[in-house]
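Participant: The hints should help you fit chain B onto chain A, whose structure is shown.
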Amino acid sequence: MTIDPNAKMPESLEGTQVYSVDPLIVRSHYEIDYLHSYAQDSEFFRALGQKKIMGSKCKKCGYKYATPRAHCMQCGSETEWFQLPNEGKVHTYTTCYFGSEEFLKETPFHLIMVEFEGVDSLFMARMVGVSAEDLKIGMKVKARFRRNQKFSPTDVYFVPDKE
Amino acid sequence: MKFKGQDVYMVTGGVTKFAKANTRKDFRYLVKEAFDYALNDVNMSIADIDGSVTAYFSDHFQRQAMAGIMAHEYVGLSPKPSKRIEAGGSTGGMGFQTGIEEVASGRLDSCAVMGFETMSHVETWKGNEFIALASDMNFDYPVGGFYTGYYAMMAVRHMHEFGTTVEQLAKVSIKNHGNAIHNPYSQSPMKLTVEDVRNSPMVSYPLTRLDSCTMSDGAAVAILANEKKAFEMCDNPVLIKSVGGGTDAMRLSDRPFGKVPLLPNEKESDYRNLKYPGVHSFRAGRVAAIEAYQAAGITDPLEEIDVVELHDSFTSSEIQTYEDLGLCRYGEGGHYVEEGKADVHGKVPVNTSGGLLASGHAIGASGIMQAVFTFWQLQHSIKKHLKDDALQVPNAKTGLTHCHAGTGTYVAVTIMEATK
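Sequences listed follow chains A and B, in order. Position 66 of the first sequence, counting from 1, maps to 66 under the numbering used here, and the rest follow consecutively. Position 392 of the second sequence, counting from 1, maps to 392 under the numbering used here, and the rest follow consecutively.
Extracted from the complex, chain A is given alone in its bound form (with noise of 0.2 angstroms):
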């Protein structure tokens, strides 16, 4: 047992950053590593390995999702697997010349929805290759792979496709 009228907590000479004394404003910092499962999902990211996109198609009523989902948003049947094509047309695209902190860093880039033939929805991807100016809907788009896999969906970006 311990009873101690004289202890103290430990003291340290780090400090604390003051952006102002009034009102107190202090910095707090936070960050965190997650454990991110792709789940359900995790085909589409490894097949990007091989050079493949992969969509899902309803088992019931065949509907075909360019963006994976493992169950249809339309009649909510089971979903399979099937492989998209390499080549599509942008359906919109916008230039971000501002961004999320975490992709400030890599602006202005091109964002854009891809529509593939034969496909009842779309996939959202980065493009490179084109000036801004130059970026039209209905352009032919092709898709290329990064070499070094991060397991990131931009693991695939479309680049102008020959006309």
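If you're looking for bench data, these hints aren't it; they were derived computationally from the structure. Treat the hints with care, as some may be off.
Pulled a few chain A residues facing chain B out of the computed Cβ check, cut under 8 angstroms [stated by the list, open to error]:
#1 Y65
#2 A70
#3 E102
#4 K105
#5 F109
#6 M113
#7 M124
#8 V128
#9 G129
#10 P153
Yeah, the Cβ is synthetic: ideal placement off N, Cα and C, and Gly gets one too.
Facilitator: Below, chain B alone, put in the same frame as chain A:
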């Protein structure tokens, strides 16, 4: 147990000034300020309130979980019941509807709906990252998670589909920033020209800085009650005429290409070649409008609604929403603003407060701010609260609020009606 349904009225409301940073007051203090304003306006006390709904979007901005109860107890409502609602950008509007449901069900006879957000605790680009967490973490966020980018892609498609122009987008910015000059609670009152909007820094083509709303610190409170209590508190409460809700896929890429759900005054032949919603329109907004109009018996919104506060996180989304709400046909949204129909003295004025573009977007507070502003319009008390009657829509009887999340993933539409 059998619940007894009852009519719901809005009795009073209050808002704080929305500001880029309000570092002298935390979220509890801001809520208290709006709450006290609301109570004082009708001589109401805490004892008159049976419980609350709190609304805020993200725990990340302050790294404070359960902030809802902290606001509830701070203003003195514990141990009465409370719950917190989160629905992305639609948090305030959904919170307001939840408060309506608390009273409509007969569970509570009066309910305070308290919305807030204090976004200044992180830098702007970190804030944008937190907002982008409200997109699919497998397929959307890692590609370049940025909401302005998502909306920009929708705007580009709207321009392609319907011929909407960047000048028409700019007109929305000019109108809303201009209205805010008369709203002392707003964050960004400005007199602008088309050149000002187009020459401001490009954020994501075609959306410039002045096509986009700002992040804000702020709070808003609306107090709801049943008929008996409402008329005890004041002689001109505003009736909640109806509510509507709609949803869509989180991922823009999953949006279908089908048919337009029609309003009573539209025909299938109006949209023979339009694949809907694609990424040009908000199906959730249309579905929410249909539900609210049906319940309120509205068949021609342009003739039956007098004033609208809608979710203009970007100029493009205001134009898209005119169409979802049936203020014009799909494709005519750009003309609606260009022809002055959305002006304070236009056909159906939209965002007389300045909207989110100019009032600011303190996410959880925004939908409730819209309700408070609409309430003041319908009470014809704009002059009393703003010390300026420039924004008062004369003879406003029926008002609509529209609050929207994601790229149109949750939408709440509420219709309110003056009793006096």
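Participant: Taking the least C-beta to C-beta distance, is A/F109 closer than 8 angstroms to chain B?
Facilitator: Status holds, d = 6 angstroms.
Participant: Taking the closest Cβ pair, is A/G129 under 8 angstroms from chain B?
Facilitator: violated, 16 angstroms
Participant: Grab the minimum C-beta distance from A/E102 to chain B and call the hint holds if it beats 8 angstroms, violated otherwise.
Facilitator: holds, 6 angstroms
Participant: Minimum Cβ distance from A/V128 to chain B below 8 angstroms?
Facilitator: Check failed: Cβ of A/V128 comes no nearer than 12 angstroms to chain B, outside 8 angstroms.
Participant: Would the stated hint for A/M124 survive a check requiring a Cβ distance to chain B of less than 8 angstroms?
Facilitator: holds, 5 angstroms
Participant: Hint validation: A/K105 versus chain B, beta carbon distance must be below 8 angstroms. Holds or violated?
Facilitator: At about 10 angstroms, which exceeds the 8 angstroms cut-off, the nearest Cβ of chain B leaves the hint on A/K105 violated.
Participant: Can we keep the A/A70 interface hint, with Cβ of chain B closer than 8 angstroms?
Facilitator: violated, 11 angstroms
Participant: Holds or violated: is the Cβ of A/P153 closer than 8 angstroms to a Cβ in chain B?
Facilitator: holds, 5 angstroms
Participant: Next item in the hint list is A/M113. Is there a CB on chain B closer than 8 angstroms to its CB?
Facilitator: holds, 6 angstroms
Participant: Does the closest beta carbon of chain B sit nearer than 8 angstroms to the beta carbon of A/Y65?
Facilitator: holds, 7 angstroms
Hint violations for this structure: numbers 2, 4, 8 and 9, all remaining hints satisfied.
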